[in-house]
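Below are the chains, spelled out letter by letter.
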Amino acid sequence: MTNSAYKPVIGFEIHVQLATKAKMFSPAPNNPDETVPNTNIDEIVTGQPGTLPVANKEAIRLAAMVGLALNCTIDEFSKFDRKHYFYPDLPKGYQISQYDQPIAKKGYLDIEVNGKTKRIGITRAHLEEDAGKNVHPEGLPYSLVDYNRAGAPLLEIVTEPDIESAEEGRIFLQELRNIIRYLGASSADMEKGTMRCEPNISVRKPGETTLPKYKVEVKNINSFKFAEAAINFEIARHTEMLEKGETPRQVTMGWNEKNNCTVEQRSKEDAQDYRYMPDPDLPVLQFPQEYLDELRNRMPELPAQKRIRFLEEYKLPLADVENLINWKELAFYFEDVVSELDEWRSQENGLNREQLIKMAANWCLQDFSALLNQDLKNPLDSQVGPENFAELVKLIVQGKISGSAAKTVFRTMYEKGGDPSEIVEDMGLTQVSDEGAIAGAIEKVIAENPKAVADYKAGQQKSFGFLVGQCMKELKGKGNPQVINDLLRKKLS
Amino acid sequence: MEFLHLTELRKKLDSREISSSELAKYFLARIKKLEPQLKAFVTVTEEAALKDAQEADEFIGSPGENPFLCGIPYVSKDLFATRGIRTTASSKILDEYKPPFDATVTRKLKEQKSVLLGKTNLDEFAHGSSTETSAYGPSHNPWDTSRIPGGSSGGSAAAVAGGLSPWATATETGGSIRQPSSLCGVSGWKPTYGRVSRYGVIAMASSLDSPGAIAHSVEDLAHLAEIMAGQDEKDSTTGHVPVPQYSRNLTADIKGLKIGIPKEYFLDGMEEGIKQRVMEAVKELEKMGAKTVEVALPNTKFGSLVYAIVAPSEISSNLMRYDGIRYGHTVPAAADLLEVYEKSRAEGFGDEAKRRIMTGTYVLSAGYYDAYYKKAQKVRRLIVNEFAEAFKQVDLLVCPSSPNVAIKLGSAKDNPLFGYIADQLNIPGSLAGLPALSVPCGYARPADNDTPSMDGLPVGLQIIGPQWGEQQVFNAGFAYQQATDWHKQHPSLE
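Taken in order, these protein sequences are the chains called A and B. Taken in order, the first sequence gives residues 1 to 493; the numbers are from our numbering. Taken in order, the second sequence gives residues 1001 to 1494; the numbers are from our numbering.
No lab work stands behind these hints: they were computed from the structure. Cβ coordinates follow ideal geometry from the N, Cα and C atoms, glycine included. Warning: the hint list may mix true and false statements.
To be verified - Derived pair list, reagent style DSS-like, types lysine-lysine, alpha-carbon separation capped at 25 Å: (1) B:K1234 x A:K21; (2) A:K83 x B:K1275; (3) B:K1375 x A:K57; (4) A:K116 x A:K315; (5) B:K1354 x A:K83; (6) A:K79 x B:K1378; (7) A:K83 x B:K1283; (8) B:K1025 x A:K83; (9) B:K1374 x A:K79; (10) B:K1291 x A:K79; (11) B:K1392 x B:K1408; (12) B:K1011 x B:K1283; (13) B:K1291 x B:K1258; (14) B:K1488 x B:K1378; (15) B:K1378 x A:K83; (16) A:K219 x A:K105; (17) B:K1374 x A:K105; (18) A:K133 x B:K1343; (19) A:K83 x B:K1032; (20) B:K1234 x A:K79.
As the list claims (entries may be wrong) - Not close to chain A: a few residues of chain B, all C-beta gaps over 10 Å, as computed: (21) T1087; (22) A1103; (23) A1205; (24) Q1276; (25) T1361; (26) N1385; (27) Q1472; (28) L1493.
To be verified - Under 7 Å between C-beta atoms, here's a sample of chain B residues computed to sit facing chain A: (29) M1001; (30) L1004; (31) E1096; (32) F1101; (33) V1201; (34) S1207; (35) D1235; (36) G1239.
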């Protein structure tokens, strides 16, 4: 897709709606799921004359946490500025943002691309308030404004133009999203708009070190998939133009998901003068060393650390680790299951930890994930607690139920809740692993099927399967297939 | 009755010599009678006042102590948000605006069970020193109704001076309490910046705005300060400094008090009578044991220049929200969004607001910000430091509140710089956020000598204190009013 004659230069602007109770500068609720227009508002949000902003301390803390997690410098002083422009969704005629003293700056994020570590520079991260939303009812001669989103706390993260492919861009966005979620700073959901990304894209000849003279910003991207697609589309477009001797214009494009292409939104040539000035209503923000130390002490394990631990301690394959890390709630759930299994291991000897963990991971990533995804649920919202989950893994490893029975049991646990041992009991799914019972069945089957026995001994492998099936039938489907196999083979040898 | 001090009204209400309803009716009747001459009000809230007075009477009639302002009428500069009551900032753009909330000061006064009589006139958005930029026309000076009451809190000063209300809320940005108090011969308190919450007070220049009060005596102001002041969680620029019991701490003993006389504040072109009255007041303070020294505040001369940049910048920003979209004046028949903005603002704002919007917009625009706004803020810092240095040597500074007595209505209209010149005595202290008082200190003939007032027109003595130094300022003013009776003299308005 990418013409090898050109190399992409990509930087991101990412807006994250912080998960605070109240808005950035008012006590009005900050609820991204509110659907009734103009309910998350008060006199401050709507910019009534005389109202004043008061900075949300929790938003500031979350912003500082994200800054630290992105290895940024947090200066002792930061401030809020006013960015002026007229638009109906902007109640005060200015947006409170941060201009020249952002909370965090000069950081980086290391990502893994095809087994190699790549460092993406973080230019800055600053706090600002969101605007409302203009609504244009179809066929009506007026527009409406919904201020529910107005004043919501946003963290804008700006990267260096260090990203060199759409894939790198996607990996970076995923890792950033994970960090933000692990910090509890935001739901960081692209589909819901609590995380919005705007790539700035240009291309240049390999070996060139100066930035191209133009860049194209793409808005309206609401999934990682679209981010990747939009970047690839732009790279191809720029390459084609440059090949023809043209230079792409400095414009803002919008991603059109219906037609899988970008569409020009506005030209950047008539750049506005926002007349930034320090907001005189808000005192300078101070970040004393003790405050930052406290935040560092309370920093949770970040996805990169968890990834290493899952790989090294749990010895899980990379793909499984990635899938767990990318779903924070599932990763945490999985760890709860592992500690249940560890507890059990400490009471009973001779159990293989790696085997247990591997099986737990498989069940998390396969049956459990499938059911959760289908219902758009998180693990802790389901009826399957980590203890029962571990119990099920235990039953499987102990050979008390067969793999197919386990699927039935798990579905019941998921749908109705309950202890897996009881479910197995109730449904009569206990697997027969008792060698005496199985040996009895085998004797009977051998006695009743002399031809098949003879065929097998003559080298017909197919007959062995038939005999196993007969044994299973004899045991009403509850025989442990492994034990049947072993004993039957011994008998016939 | 109309000129009784708050302390006296409190006694009369507590002893049931008079009821709150009687008081409200008395002042409402006086407003009815004199408002045609004074035009101090934008809105008179008769119905609500009578209802509030009745409630206050019920409260007074029940056991327990009454808050200091319980049942006492007041008027509020039409910049303070009053829930459900029209609040215009004397601008056409807010002509119909009824706030859905109360300013913090309004709330505190309601909690006291004060009785609001109405909203007073001001220069549009407080832009001016005469009330002549008000969209509702100017207010008149009760001492000579052909003259300005000063501004921007001119309606408040005229209402108190004319005996239309026992006291009034007011606001300062660069002299808007001190100058009208001086011109109307009443006592005005400009608080330390951040001493009184700005929440719900329609913003002029946010880094300067200081809501305060105008009353008949410094003692009354000390009581009001106790009620109005304090840190407010809704205004992050209020200080976390405890509020002293100003009224209880009041003392007329100013022996040994060191008073600085800043020579730069006795300007050339200042009316001779003003200088004389102020120097007489200084002598009075010396008689009571205060020591006076001359101090130099050379950076004072930059005050007006700094103000001329900082104030319009903040004004242009603060006035952005008046866009005709959510509230206020709007143009129903606009071709497109841009026209909604252009026409709503063109029709809604007066000339002075437009002038300041243009200046501020220019000053903040790309390429000029560093040269003007940033540099002005640096000079402002120098002025702040210079005052701080001065207050290492002296306890207070004393100077005139205005370089002139009240001028004729209309005589400043053709000179847009009038405000800036008149504010020169007040602006440096405003830039430094210092507390100050203006108290009446006698009379002087106006330059035009054309007034029916026998003795001339009121002159104001300004007393400036260090940051959070309200108590010192009140004490000096209180001592002065114990020794003089200028504050007990009132215009005859019949």
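We went through each hint and held it up to the structure:
Proximity of K1234 of chain B to K21 of chain A is assessed by CA-CA distance (about 17 Å); at most 25 Å being required, the pair is judged to hold. Between K83 of chain A and K1275 of chain B the alpha-carbon distance is near 46 Å, which puts this suggested pair outside the 25 Å criterion. Our distance criterion of 25 Å between C-alpha atoms is broken by K1375 of chain B and K57 of chain A, whose separation comes to about 31 Å. Restraint check for K116 of chain A and K315 of chain A: the C-alpha separation of about 20 Å stays at or below 25 Å, so the hint holds.
Only pairs whose Cα atoms come within 25 Å are accepted, and K1354 of chain B paired with K83 of chain A is accepted, the gap being roughly 20 Å. Restraint check for K79 of chain A and K1378 of chain B: satisfied, since their Cα atoms lie roughly 17 Å apart, inside the 25 Å limit. With a C-alpha separation of about 52 Å, the suggested pair K83 of chain A and K1283 of chain B falls outside the 25 Å cut-off, and the hint is violated. A distance of roughly 49 Å separates the Cα atoms of K1025 of chain B and K83 of chain A; the hinted pair therefore is violated under the 25 Å criterion.
Annotation: proposed proximity of K1374 of chain B to K79 of chain A holds, straight-line Cα distance about 15 Å (limit 25 Å). Restraint check: the Cα-Cα separation between K1291 of chain B and K79 of chain A comes to about 43 Å, which exceeds 25 Å; the hinted pair is violated. For the given pair, K1392 of chain B sits about 41 Å from K1408 of chain B by alpha-carbon distance, which is inconsistent with the 25 Å threshold. Taking the CA atoms of K1011 of chain B and K1283 of chain B, the gap is near 34 Å; set against the 25 Å cutoff, the hint is violated.
Restraint check for K1291 of chain B and K1258 of chain B: satisfied, since their Cα atoms lie roughly 5 Å apart, inside the 25 Å limit. With a C-alpha separation of about 43 Å, the suggested pairing of K1488 of chain B with K1378 of chain B is violated against the 25 Å cut-off. Simply put, K1378 of chain B and K83 of chain A have alpha-carbon atoms about 22 Å apart, close enough for the 25 Å limit, and the pair holds. At roughly 23 Å between alpha-carbon atoms, K219 of chain A and K105 of chain A fall within 25 Å of each other, so this suggested pair holds.
For a cut-off of 25 Å, the pair hint linking K1374 of chain B to K105 of chain A stands: about 23 Å separates their Cα positions. This hinted pair checks out: K133 of chain A and K1343 of chain B have alpha carbons roughly 23 Å apart, not beyond 25 Å. Restraint check for K83 of chain A and K1032 of chain B: not satisfied, since their Cα atoms lie roughly 46 Å apart, outside the 25 Å limit. With a C-alpha separation of about 18 Å, the suggested pair K1234 of chain B and K79 of chain A falls inside the 25 Å cut-off, and the hint holds.
For T1087 of chain B, the shortest C-beta to C-beta distance to chain A comes to about 7 Å, within the 10 Å cut-off, and the non-interface label is violated. With a cut of 10 Å on Cβ distances, A1103 of chain B falls inside the contact zone with chain A, its closest approach being about 6 Å. The Cβ of A1205 of chain B does not lie farther than 10 Å from every Cβ of chain A; its closest approach is about 8 Å, which violates its non-interface assignment. With a least CB separation of 39 Å from chain A, Q1276 of chain B remains clear of the 10 Å interface cut-off, as annotated.
The beta carbon of T1361 of chain B sits about 7 Å from the closest Cβ of chain A, which is not more than 10 Å, so the claim that it is off the interface is violated. Taking the minimum C-beta to C-beta distance to chain A, about 18 Å, the non-interface status of N1385 of chain B holds against the 10 Å cut. Chain A leaves Q1472 of chain B outside its interface by the beta-carbon criterion, the shortest separation being 26 Å against a cut-off of 10 Å. At the 10 Å boundary, the C-beta of L1493 of chain B stays outside the reach of chain A, the nearest C-beta of that chain being 32 Å off.
A hinted interface residue such as M1001 of chain B counts as satisfied when its beta carbon comes closer than 7 Å to some beta carbon of chain A; here the least separation is about 33 Å, so the hint is violated. Violation of the interface hint for L1004 of chain B is found here, the shortest Cβ-Cβ separation to chain A being roughly 31 Å, above the 7 Å cut-off. A cut of 7 Å between beta carbons decides the hint on E1096 of chain B: the least distance to chain A is about 13 Å, and the hint is violated. Taking 7 Å as the C-beta contact cut-off toward chain A, the hint placing F1101 of chain B at the interface holds, the least distance being around 5 Å.
Contact between V1201 of chain B and chain A, as hinted, is supported at the beta carbon level, the nearest pair being about 5 Å apart and thus within 7 Å. Interface hint at S1207 of chain B: satisfied, since its Cβ lies 4 Å from the closest Cβ of chain A, which is below the 7 Å cut-off. With a least beta-carbon distance of about 5 Å to chain A, the hint placing D1235 of chain B at the interface is held under the 7 Å criterion. The interface hint given for G1239 of chain B is broken, as the beta carbon of that residue sits about 10 Å from the closest beta carbon of chain A, more than 7 Å.
Comparing the model with each earlier hint shows violations of hints 2, 3, 7, 8, 10, 11, 12, 14, 19, 21, 22, 23, 25, 29, 30, 31, 36; every other hint is respected.
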